[in-house]
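Chemist: Got chain A; can you put chain B on it based on the hints?
Protein chains in written order, with the numbering used here: chain A, 1 to 404; chain B, 1001 to 1135.
What the hints contain is simulated information worked out from the structure, not anything from laboratory work. It should be emphasised that the depicted structure is a prediction, and the values quoted were computed from it without experimental measurement. Keep in mind that the hints are not guaranteed to be accurate.
[As the list claims (entries may be wrong)] Straight line, CA to CA, 27 Å or less: simulated BS3-like cross-link-like pairs of lysine-lysine:
1) A:K335 with A:K178
2) B:K1053 with A:K335
3) B:K1114 with A:K338
4) A:K188 with B:K1053
5) B:K1115 with B:K1053
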Amino acid sequence: MKTIKEINEKIRKGEVVVVTVEEVIDLVQKKGAKKAAQEVDVVTTGTFGPMCSSGAYFNIGHSKPRIKVGGGTCTFNDVPAYTGFAAVDVYLGATALPDDDPRNKIYPGEFKYGGAHVIQELVAGKDVRLEASAYGTDCYPRKKIETLINIKDLNEAVLFNMRNAYQNYNVAVNLSDKTIYTYMGMLKSNLGNANYCSAGQLSPLLKDPEYRQIGIGTKIFLGGGIGYIAWQGTQHNPQVARKENGIPQAPSGTLAVIGDLKQMKPEWLVGTSMLGYGVTLIVGIGVPIPILDEETLSRAAAKDEDIYTQIVDYSQNYPQCVGSSLGEVNYAQLKTGKIVIKGKEIATGNLSSYSRAREISEELKLWIKKGDFLLTEPVAKLPGKESGYTFKMLKERPIIKKEE
Amino acid sequence: MISKRIVLHFPDRLVDQPIVYKLVKEFDLQFNILKAFVTPQEEGLMVLELTGKRENFDQGVEYLQSCGVRIQSLSQDVVRNEKKCTNCGVCVPICPTEALVVDPQTRKVLFNNKKCIACELCVKICPPRAMEVHF
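Just chain A, same shape as in the assembly:
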């Protein structure tokens, strides 16, 4: 049994033993979990996939004379940001599109540029064109502004993503007789391909499946900089079915994360276009798992073949919320490049970059080794199964107009 305090002491002294998920898997195979748990202090994870519920807020600074952008309009390179705050605070969502983007009018739409691309350009240090309009008040008389801005001149630029790092995700297929374009990529007709989206054995929440170590307040690698887990992510659902190893067999837990955008890097926040679907942001996240006991280590050493997920039809089942899983596969099977569904061999593709996830786990390991990154004690737990916390569908109710 170790404590986080003891591990941090070792980090400060340069004596910490930190390994990536891949290394701990090897270590457990060679020495067994008990021995490995005694030796290892920290296991580093990583994931690098498209995460739509991402965005950033900015305080753009006050112009002379002042303008109240709050309640007005604001665009960055023509991409609209949300202005429903105080005078010069705005939030730019990853999936936001310029008003004149043709969207899916010419199907499938290309979605070449949106909020995620603006975020990546800002992080890369590029100038971005800001245009805002306001209604004007006595204290904020100005009604219009057009200017170039740069991230270094903004008061605050903060990445704040309300749902990231999904603990497990569906494998998407298409049972219909025409090609479809989804957030899981292009799916060819009649089970033409099977797309998945997870770093599997490297993915943070799959390595602490019951949220024993990862919690609110945990310090993480976020977009190439340092971030924190702010809350459970939206749609967090600890109630899905789990295997004996505690690992959910379908999309389950999620994280809301926050961090200073100014110290992040454009290699780890990538603006992305999903044909026929929209714009999204690929986010790099790495979470360190403190090995406080053997149980934690065993969980962190789960392999691709221990992690199962569901195959879902995206032509009917997903959009219409009908039917059920077409079957279950594990990530080792998915990584061979082929799986069998309904007797047919189907090529698989991952939307989430395993090689970049591996780089994140190595980078985070390096930070910890060098003493630059101390671990944090969670300030509160993420809701687990026992909490009863769950995910609900929208219940639509008719709006009855009252007679005057």
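Modeler: Chain B only, in chain A's frame:
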């Protein structure tokens, strides 16, 4: 016998000439049109797979050049922007010729442009738009 894929750029004055016909008739070459943009009064572009005896192939290419056709080998056609590619691998099951495959060790995507037939499916579906068409 050799088989090569080439990109032909021909100037507007040649667009209405039966150039491919001559390749068959005079040089005994088989052709397979992989792609063509031919509009009257504009520069034409055609991607051909040519199969035949080596000397016939060389003479055919010489003939094309003597007519004023600019020739490129196809391997320059679809290019991966290494800076943009995240090596996710979602292009892999889409590629009809297995020109894109995942290295099982590094889990990086390998692009073998010799196998590429320039269908451009990967160009459209690549999330960070790392696959580019260069003519």
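Chemist: Each hint needs a verdict: does it hold in this structure or not?
Modeler: Structure-based check of each hint:
1. A:K335 with A:K178: Measuring from Cα to Cα gives roughly 26 Å; hence the hint holds.
2. B:K1053 with A:K335: Distance of about 42 Å is beyond 27 Å: violated.
3. B:K1114 with A:K338: Holds: B:K1114 and A:K338 sit about 23 Å apart, inside 27 Å.
4. A:K188 with B:K1053: Outside the cut-off at roughly 38 Å; violated.
5. B:K1115 with B:K1053: holds, 21 Å
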